[in-house]
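Keeping the supplied structure of chain A fixed, place chain B upon it in accordance with the hints.
Residue numbers (our numbering), protein chains in the order written: chain A, 119 to 260; chain B, 11 to 74.
Since the hints were made in silico from the structure, they are not lab data. Please note that the accuracy of each hint is not assured.
Facing chain B, from chain A, some residues (calculated, C-beta under 10 Å) [what the hints assert, rightly or not]:
no.	residue
1	146
2	182
3	183
4	189
5	190
6	216
7	225
8	230
9	231
10	254
11	256
12	258
13	259
14	260
Below, a sample of chain A positions facing chain B; criterion: calculated Cβ distance under 8 Å [to be verified]:
no.	residue
15	178
16	184
17	187
18	188
Taking lysine-lysine and the DSBU-like style, the derived pairs with C-alpha atoms no more than 35 Å apart in a straight line are [what the hints assert, rightly or not]:
no.	chain 1	residue 1	chain 2	residue 2
19	A	177	B	16
20	B	32	B	12
21	A	180	B	47
22	A	255	B	63
23	B	16	B	63
24	A	177	B	60
25	B	63	A	180
26	A	258	B	63
27	A	191	B	21
28	A	228	B	63
29	B	60	A	180
30	B	32	A	177
31	B	47	A	228
Using N, Cα and C, we set each Cβ at its ideal position, and we do this for glycine too.
So you can see what is in the structure, the chains are spelled out below.
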Amino acid sequence: MKNDKFRLIIMAILTVMVLAVAALYAFEVIGEKETNLGAIIIPVIVVLFMVFFIRKRYKDVKEGMPMEDERSKKVLMQASAASFQFSLYWLLAVSLFEPFFARVLFDVQKLDASQTVGGGIAGMAIFFFIFWLYYDKKGKLI
Amino acid sequence: MKNRIKEFRAKYDLTQEDLARKVGVRRETIIYLEQNKYNPSLNLAHDIAKALKTTIDELFDFRD
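Bound conformation, chain B alone:
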């Protein structure tokens, strides 16, 4: 599943570490998410969308 986390993170000038702290995960998880190597749970997707002031639909591409 593709996502636009990196794009939104850059928009709000957040580092991977900042985002990881905001959503309460390890930095590695954010790295794997940005590389599309990990599909998050619905809860985590919601938290990330909230932290990046967007919606899950905007952030994740469910077409794959």
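Only chain A is shown next, with the shape it has when bound in the complex:
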């Protein structure tokens, strides 16, 4: 139980750090023409997920329940596996349709490396969040 509280505190600190870095970056680049949106979107997704996750787990720990059990570990494992599989297709799509993403999302002819990688990682984060929600609520766990 003490270990669970410690883990929650570490998670909260990490979330605040990610948020702080994203905020600093946002203040720096807002208004610039070629803003790397991925560098702002990814931390925002991570922070939203972490806030949701920490709130849920904090409630359990407060009520004297364990933060993790065999089911939550399985949910995490299956969501990770599924999001990894989907992110391979996503990364393939990002590289194949890069000119399309460049035009639609950034209004430029070509994406630079950091924008492509950022888009790929943002997709992975979104997939993980969706699969985690799916397996936690509805999915058939193996």
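Showing chain B alone in chain A's frame:
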């Protein structure tokens, strides 16, 4: 896999939270188990059976 956790829990007047605490899992896990939406590991099935003073065979229906 069907189970009779809810029935046995009611027999011993235990809430889902009480049972979750006894076997060291989250309350959600007990909810999903009772709804037959989650198949527990052998260890967890054993712990639940022990907490409900019964056997795994009595508690779980393996025919499905």
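Evaluated hints:
1. Of the supplied interface hints, the one on residue 146 of chain A is violated, with its beta-carbon coming no nearer than about 41 Å to a beta-carbon of chain B, more than 10 Å.
2. With 10 Å as the threshold, the beta carbon of residue 182 of chain A comes within range of chain B, its nearest partner Cβ sitting at about 6 Å, so the hint holds.
3. The closest approach between the C-beta of residue 183 of chain A and any C-beta of chain B is roughly 5 Å, which is under the 10 Å cut-off, so the hint is satisfied.
4. At its closest, the beta carbon of residue 189 of chain A sits 4 Å from a beta carbon of chain B; the interface hint therefore holds under the 10 Å criterion.
5. Interface restraint check for residue 190 of chain A: the shortest CB-CB distance to chain B comes to about 6 Å, inside 10 Å, so the restraint holds.
6. Proximity of residue 216 of chain A to chain B is violated relative to the hint, the smallest CB-CB distance being about 41 Å (cut-off 10 Å).
7. The beta carbon of residue 225 of chain A is not positioned within 10 Å of any beta carbon in chain B (closest approach about 45 Å), and the interface hint is therefore violated.
8. A least Cβ separation of about 44 Å between residue 230 of chain A and chain B goes past the 10 Å threshold, and the interface hint is therefore violated.
9. Taking 10 Å as the C-beta contact cut-off toward chain B, the hint placing residue 231 of chain A at the interface is violated, the least distance being around 42 Å.
10. Given the 10 Å rule on beta carbons, the hint for residue 254 of chain A holds: about 8 Å separates it from the nearest Cβ of chain B.
11. Residue-level restraint check for residue 256 of chain A holds (minimum Cβ-Cβ distance to chain B is 8 Å; threshold 10 Å).
12. Residue-level restraint check for residue 258 of chain A holds (minimum Cβ-Cβ distance to chain B is 8 Å; threshold 10 Å).
13. Interface restraint check for residue 259 of chain A: the shortest CB-CB distance to chain B comes to about 6 Å, inside 10 Å, so the restraint holds.
14. At a threshold of 10 Å, the smallest CB-CB gap from residue 260 of chain A to chain B is about 9 Å, leaving the interface hint in force.
15. Because the smallest distance between the Cβ of residue 178 of chain A and any Cβ of chain B comes to about 6 Å, under 8 Å, the interface hint for this residue holds.
16. Look at residue 184 of chain A: its Cβ gets to within about 6 Å of chain B, closer than 8 Å, so that hint holds up.
17. For residue 187 of chain A, the shortest C-beta to C-beta distance to chain B is roughly 4 Å, which falls under 8 Å, so the interface hint holds.
18. At its closest, the beta carbon of residue 188 of chain A sits 6 Å from a beta carbon of chain B; the interface hint therefore holds under the 8 Å criterion.
19. Distance check on the hinted pair: residue 177 of chain A and residue 16 of chain B sit about 24 Å apart at the alpha-carbon level, within 35 Å; holds.
20. With a C-alpha separation of about 21 Å, the suggested pair residue 32 of chain B and residue 12 of chain B falls inside the 35 Å cut-off, and the hint holds.
21. Of the pairs offered as hints, the one joining residue 180 of chain A and residue 47 of chain B holds, with about 26 Å between alpha carbons and a cut-off of 35 Å not exceeded.
22. Pair hint residue 255 of chain A plus residue 63 of chain B holds up; C-alpha atoms about 30 Å apart against a cutoff of 35 Å.
23. At roughly 13 Å between alpha-carbon atoms, residue 16 of chain B and residue 63 of chain B fall within 35 Å of each other, so this suggested pair holds.
24. Between residue 177 of chain A and residue 60 of chain B the CA atoms are separated by roughly 27 Å; this keeps the pair inside 35 Å, and the hint holds.
25. Of the supplied pair hints, the one linking residue 63 of chain B and residue 180 of chain A holds, its CA atoms being roughly 28 Å apart against a limit of 35 Å.
26. Proposed proximity of residue 258 of chain A and residue 63 of chain B is supported: the alpha carbons are some 28 Å apart, at most 35 Å.
27. A C-alpha spacing of about 30 Å is found between residue 191 of chain A and residue 21 of chain B, which places the hinted pair at or below 35 Å, so the restraint holds.
28. At most 35 Å may separate the alpha-carbon atoms for a hinted pair to count; residue 228 of chain A and residue 63 of chain B exceed this at roughly 67 Å.
29. Restraint check for residue 60 of chain B and residue 180 of chain A: the C-alpha separation of about 26 Å stays at or below 35 Å, so the hint holds.
30. This hinted pair checks out: residue 32 of chain B and residue 177 of chain A have alpha carbons roughly 18 Å apart, not beyond 35 Å.
31. Our distance criterion of 35 Å between C-alpha atoms is broken by residue 47 of chain B and residue 228 of chain A, whose separation comes to about 47 Å.
Hints 1, 6, 7, 8, 9, 28, 31 from the list above are not met by this structure, while the remaining hints are.
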